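Taken in order, these protein sequences are the chains called A, B, C and D.
For the first sequence, my numbering begins at 1129 and goes up steadily by one.
For the second sequence, my numbering begins at 1031 and goes up steadily by one.
For the third sequence, my numbering begins at 8 and goes up steadily by one.
For the fourth sequence, my numbering begins at 248 and goes up steadily by one.
Mixed in with the good hints there might be a few duds.
Below 25 angstroms or equal to it, Euclidean Cα-Cα: the simulated DSS-like pairs (lysine-lysine) are [stated by the list, open to error]:
no., chain 1, residue 1, chain 2, residue 2
1, C, K19, C, K131
2, D, K546, C, K54
3, A, K1290, B, K1058
4, C, K15, C, K141
5, B, K1137, B, K1054
6, A, K1290, B, K1054
7, D, K290, A, K1731
8, B, K1135, B, K1053
9, A, K1702, C, K76
10, D, K290, A, K1735
11, A, K1235, A, K1158
12, D, K540, A, K1727
13, A, K1290, B, K1135
14, D, K540, C, K131
15, A, K1735, D, K546
16, C, K76, C, K15
17, C, K106, A, K1702
18, D, K546, C, K19
19, C, K10, C, K131
20, A, K1635, A, K1235
21, D, K546, A, K1727
22, A, K1290, A, K1158
23, A, K1616, A, K1235
24, A, K1702, C, K131
25, A, K1731, D, K546
26, D, K290, C, K54
27, B, K1137, A, K1290
Hints in this document: simulated from the structure, not taken from any laboratory.
Predicted model only: the values in this text are computed from it and were never measured.
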Amino acid sequence: MINFTHFPVIAVMGLFLCAFLVEIFGAKNKYIRNTIALVAAFGAFALIAALIKPVFVDGNVISYWMGNWTPVGGYAIGIGYEIDALNLFFALLVVTTVLLSGIYSVKYMERDHHLGHYYTLYLMLSGSVLGLVLTGDIFNMFVMIEIMTFASVALTAFRNNKLGALEGAFKYLIIGSVGSSLTLSGIALLYAQCHTLNMSQLSAALATGLSPTTILAFALMFAGFGVKSYIVPFHAPAADAYMAAPTSVSMLFSGMVNKAGVYGMIRLTYVIFRAMDLSSVQLLLVTLGTVTMFIGVTMALAQHNFKRLLAFHSISQIGYVITAIGLGTALGLSSGIFHAMNHTLFKGLLFLTAGAVLYATGTCDLDRLGGLSKRMPKTTICFLIGAFSISGLPPFNGFASKWMIYQSTFAKATETGNFGYAFATIVALVVSVMTLASFIKVTQAVFFGQLPENLKEVREVPLLMRIPMWIMSALCILSGVFYNFVAKYLLTPATNAAFNVTNYIDKMMGEGYAAANGITETAIGFSPLDLWNPVLWLILFAIVLISVCIVILTGEKERGRTLVKTDADPEDGKYATFFGGEASTHSHVGGSDLFWGFKHDFKGYFKFIQGMHSGVVNDYALWVVVATALITVFMFIFVR
Amino acid sequence: MITVNYIVSVFLIVLGLYTVCTKKNLIKIVLGLGIIDYGVNLLIVSIGWNDGGTAPIFTVTDLLNGVSSKFFVDPVPQALTLTSIVIGACVTAMALSLVIMVYRKYKTLNADEVRRLRG
Amino acid sequence: MFKKVIAKSMAKSPWIYHVNTGSCNGCDIELVAVLTPRYDAERFGFKLAGTPRHADIVVVSGPITSQSKERLIRTLEQVPEPKCVVSIGSCPRSCNVFKGSYSVEGPLENFTHVDVSIAGCTPKPEAIIEGLYKAAEILAEKREAMNK
Amino acid sequence: MEIITTIFTNAFYVLVFPGLLFVAIVGLLLAGIDRKVLARMQKRVGPPLIQPFYDFFKLMGKETIIPHAANRRVFLAAPVVGFVSLVVMMLFIPIFGFSPLSTNADLIILLYLLTIPAVALIVGGSASGSPYAGIGISREMVTMMAYELPLVIVLLTVARKVGGSTLCFSLSEISLFQQAEGSLITNWSLIPAAIAMLLVIPAEVGTQPFDVAEAETEICEGPLVEYSGAPLAIFKLNTAIKMFIMTALFTVLFFGGIDTGFIALNALVLVAICAVLTVICMTLIHAICARLKIEHLFKFYWTVVTVLAAISLILVWLGL
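Please take these sequences and the hints and turn them into a complete structure.
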């Protein structure tokens, strides 16, 4: 019998330990360096994956007290780790991202210097996010947030010979620190009221109702986690940092750093304050989420840089997640975390393809790329899978989660009779189409169209960079096709865990503690609806595809059609692009030329929103302050 | 009076936020962050204060006599403050090093001119 | 059976791509007149295609000028097999009044095989329809020849 | 034995009726009706009714040219993927009660399946490497953004109307509801939505006033510029099938509930209604309108059509 209780803390500590071992032993030798980093990443992955059985399948909650400081007299002073299905769900996302990013970094970062520092920071970032997700102590969570901010900032500025990197890192640091200060003040106020830092005890202590102090704490922490998950008024530095960081790090940012913010938000609203049955909090989250997804996607439509475009899409997709978890229903939460998972997968994949393009060509400027599908066919296929997933085309995973989000928002609208939620559904659907539009723009500008002269010699990226992309692509397809499996074994336990606060408190503080403090909620036993059957659909698709292919491809002789010529002479005018009879010249329709009609109709809006993203750090800080003030006022007026 | 502490800490936080939002000099922005940190630290330390309490230190006799009846200040916020101070120092160091690098590349400390990433 | 259906369809649905190689626009107007309600070439399945990739019949009007020669040849190359070339009017046949000009390269026969040549300056729409109809039949024959 | 029968029936559903063969024939027939009626409206004789079949077989027999700038695999796969998704879509649409693949999420699945042929056209055009196609796909995408918003609102309206407080995305349930309560078109609060849907159909299919993406006179057929032979034939077939699918969807949403008792007769009634709808919403508008500019198209859909659809949604929401 293996004792699983030690696994989470070993995973976190192992990552931190290896972070320093890399610097000590691997500063000179790249093999030692890579080995240590990959072993640490894989070790964390294995340790967390080993917890699937006890937590997801058996339904246990694992608790661990640092130094065995168990609660005495109903007061938890020591730092505790508590792993229920919700934590573990996010922890799995974190370790998967870390492992794949680690494999990708080996080749991607090989041209950089001082890689010892890179791996130290990389492992520290991973360890801190894993610790943030697994911890049951709110001050420990804050410390992990701070370590996460440092590591992120340092990694953003890692290629400090580039102008954007320093600037992005500086903005990220300023806004991030303001956000963590907000969180810390919230924690301090909570401590003043409840005299505890343990999340389960806080939850029990707050059961008696909210006082003005705790409402202020709630507002401040809400804003603090908002900054960490980059919902709209707080989103500006994220776009800069994602763009400026090395791509393997951008993938970490969008795959786990902002998922950590989302996790904090769920923990805060569902478990600590148990505020999700308040319609005002629901309305606040759904409004923020809807605005986030719309502004994110419209900003993405206006971008000229591949990575910056992806960064704005990250913001937009987080809007979906926040909208869904803001509904406060079981279906809403499960669709929200499902979309968070899918976002990790497909956005990670897209960042990796962006990194591959950057590695191969040296630029991410949409106006200077084109026609790369001829030179990098494998990357192109991965990109298309990612793009179709994020746009929610069936049978990819984005479709499954988005469809759940529409279902849950509209169900919420019909339940409450509030038309605003139906509006959220419509916005979500339209944003989905706009997402597709902006990825069509990337497809046309980077992978299809005509190959510029200076990119004729581009080669496909090395195998070690393609492996993570293939894994991500496979996960994108599998989690879309076997959606029922994911929903049954991952989403349902996680959703039930978030709602089953009693179990969470009792496991940590001792049996009967929750009931003694007046929390009598029981498990809701949620199970997702059997919405559609993608496997059947896929089989049908295959039947039709095969029959069509038989007719088209094998019927060639019967119809006497001349064969498709593949090895035609490049100089042959017959196979040249049609230019109205002119000789073929390089004439590429780049990214910025697309969607003219759309932008023309909304030129006022685009001018305004692009002007708002002024790039001045003071403006961004002002947004944070104003938004925090508004959230605080809203909470004081409406939260009871 | 403990109320003064709260007022001053809120004042410091607001002052820091004001600095971050309005001052265009990058170093002043970093200083603003520091002021916010001090305000939050003061807030946390004040929370643990108990009027008339002693330091939370037990002598051997106290322990031998069983549970102490002594009234002491809450030690946890002080531990939190120490952590927070360390983190604040790290933030400042990190930010200042970034400012130095930015100055080398951009030849300016004006926030209005450090804005290549926008739109 | 497939072959027969395709060969029959080939004659029933010829799509036209029109190239003006320096015409005076007279023939072009007559070609458009063919599609008007009065003559209605669409009843035979004729349709103007937007690109040579879709075309079956390339209609050339005007003498071949030095500017248009290369472009014409390139366009003709880009039409998928089987294809027909039809010339309208006297200019592609003989260069008409433009013969001898420094910028005229000569009649269309010099550069490509012409399947149907419709005479007249300008030919009447009825004549154009008949010529195109003949071209469509030639198209079907070419298609059947490809089967062997 | 049982399994073999099941496989055989399913294969019949997918390949013959109401799948591949049925949609292809009816789609091409509708396209023929469209062309014939258009010709009669313009006092022409017009092509024979089976002209689209001729076009299709002719294109199948032509040479397929793949340009150098094109990505060969994507270029060839795009039309097939679009075609397959259209065939699968037909399996979700009940022919007055008969639908082999109906689930409780039909409408959303259809909404997404409808985008796949358009995406296939866009990706295929993009893969051909022509700048004309580049302009074409940008217009196609903007068109798609334009009609998607009213379409979403129309579908939500119907779902709300049929499902009441628990909304109903299942097309067979929508059919059953109409059998019990009469066709939805007779409900006055849904008439604006029906008009909006009628206006969405031509943009979805890409017929005359809304065919900015394939404007053959200005950008040489847009995304199709480099296509020839069999892939082009399949794209043309896709357009024809889309015509049928969209009108059939309209029929199910607003004229559902007609049931003669025989599947074959039901299918005939469906085709007849589809033909009438095709004439109304495509041929008629085609005959009287000139092509719009792309920004005008976008403005039209996001103002006039969206407002019509939204009026219906609000009326239905208020319980009228």
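Restraint status (C-alpha distance of D:K290 to C:K54 at most 25 angstroms): 17 angstroms, holds
Restraint check for D:K546 with C:K19, where alpha carbons must lie at most 25 angstroms apart: Violated, at about 40 angstroms.
Would the hint linking A:K1290 and B:K1054 be met if the CA-CA limit is 25 angstroms? Status holds; Cα separation ~22 angstroms.
Would you check the hint for A:K1290 and B:K1135, treating anything up to 25 angstroms between C-alpha atoms as holding? Within the cut-off at roughly 9 angstroms; holds.
Keeping to a limit of 25 angstroms between CA atoms, is the pair of A:K1735 and D:K546 held or broken? OK: A:K1735 and D:K546 at ~18 angstroms, within 25 angstroms.
If you draw a straight line from the CA of D:K540 to the CA of C:K131, is it 25 angstroms or shorter? Violated: D:K540 and C:K131 sit about 35 angstroms apart, past 25 angstroms.
Can the restraint linking C:K19 and C:K131 be considered satisfied, given a maximum Cα separation of 25 angstroms? 22 angstroms, holds
Measure nothing beyond the straight line between the CA atoms of D:K290 and A:K1731; if it is 25 angstroms or shorter, mark the hint as holding. At roughly 44 angstroms apart (the allowed maximum being 25 angstroms), A:K1731 and D:K290 break the hint.
Are the Cα atoms of C:K76 and C:K15 separated by 25 angstroms or less? 33 angstroms, violated
Going straight from one Cα to the other, do A:K1616 and A:K1235 come out at no more than 25 angstroms? 37 angstroms, violated
Taken at face value, is the distance from the CA of A:K1727 to the CA of D:K546 at most 25 angstroms? 11 angstroms, holds
25 angstroms Cα cutoff - pair A:K1635, A:K1235: 44 angstroms, violated
In terms of the numbered hints stated before, the structure departs from hints 2, 7, 10, 14, 16, 17, 18, 19, 20, 23 and 24, listed from lowest to highest.
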